[in-house]
Structures are given as structure tokens and as C-alpha cells.
Amino acid sequence: MVHGELSVASDAARAVRAGYPIVYRPQIGGRTRGIPSGAFVDLLDGRNLVARGLYDDTGPAAVRILTRDRKEPLDGTFWRQSIERAVDLRRTLVNLNHTDAWRAVVSEAAAVVVEEAKPQDSKFFAVAEKAAALLARQ
Numbered sequence: 001m002v003h004g005e006l007s008v009a010s011d012a013a014r015a016v017r018a019g020y021p022i023v024y025r026p027q028i029g030g031r032t033r034g035i036p037s038g039a040f041v042d043l044l045d046g047r048n049l050v051a052r053g054l055y056d057d058t059g060p061a062a063v064r065i066l067t068r069d070r071k072e073p074l075d076g077t078f079w080r081q082s083i084e085r086a087v088d089l090r091r092t093l094v095n096l097n098h099t100d101a102w103r104a105v106v107s108e109a110a111a112v113v114v115e116e117a118k119p120q121d122s123k124f125f126a127v128a129e130k131a132a133a134l135l136a137r138q
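Under this note's numbering, the first residue of the sequence shown is numbered 1, with each subsequent residue one higher.
Quick caveat, the hints were computed from the structure, so don't treat them as lab data.
A virtual CB, placed ideally from N, CA and C, is assigned to each residue, including glycine.
There are no misleading hints in this set.
Label pairs and their in silico Cβ distance ranges: (1) H98 x D11: 39 to 45 angstroms; (2) L96 x G4: 39 to 45 angstroms; (3) A18 x R47: 17 to 23 angstroms.
Construct the complete structure from the given sequences, taking the supplied hints into account.
So this is what it looks like as C-alpha cells:
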């Protein structure tokens with residue numbers, strides 16, 4: 001459920017459309033009062049949707065971009081698929097013969113951090129799979 005619409009500066013809109021994942025507080029126009037941290041918000045450039053994101057009412061990064069598709073539901077399936085894509089990407093990028101640690105999900109805001117550091121585990125990606133399962137239930 002989206003809790004609000006925020007206008008963004010044109011330079012921020014261009015950056016987000018090009019793939020930048022954050023909109024900083026000075027780039028937000030309009031009223032943010034009453035939008036709680038953790039709320040989903042639509043970012044607009046005039047009347048056009050730029051992206052949907054997760055709002056933070058205290059930090060310098062006001063919105064972390066989740067999707068650029070208005071029709072994509074931000075539900076358990078969204079989170080599960082996002083984590084699965086992150087795990088798949090790490091499987092292709094990380095040489096597991098040369099490291100015993102990797103991070104599947106990173107969040108500077110400490111919302112979600114999933115780490116695995118035991119290559120001897122029979123299911124190396126078990127932690128990320130558990131996190132995806134927990135998020136899918138929400």
C-alpha cells in the first residue's frame with residue numbers, strides 16, 4: 001500500500017530513471033509530514049511516475065527506490081523475487097573457492113542484512129532463502 005506521493009526535482013528524476021537507487025531529502029518537493037518511515041511512496045515528476053520507493057523520515061536518503069513500475073505490487077512476492085535475484089547474482093559473481101563470506105542483501109539503514117559465512121554448510125545460501133521465506137509471509 002502506497003502512503004503518499006512526493007514530487008522530485010527534475011535532476012533527481014533523471015538520475016532515478018537512469019538507475020540511481022536513492023533520492024536525497026533536498027531533492028524532494030512538497031509535503032512529507034505524516035508519511036512514516038518505512039512507508040511506500042510514489043515519486044512524481046509533474047504527473048509522471050518516476051519510481052516507487054521506501055521512505056525514511058530522518059536520514060539524508062529520503063527514498064530508496066524499489067521499482068519503476070506502478071503496477072508492480074510491493075508484496076511478499078516482490079521481496080522474495082528481489083532476494084532471489086540478489087542470490088543468483090552473487091552465485092555468478094562470487095568465486096566460492098576463494099572466499100568464505102558473502103552478503104546477499106545490504107542495507108545501510110540496517111533494515112535487512114543477511115549474511116552467510118560458513119562454506120562448509122550443506123546449503124550455502126540457506127540464510128538468504130530463510131529471509132526470502134520470512135518476507136514472503138508478510
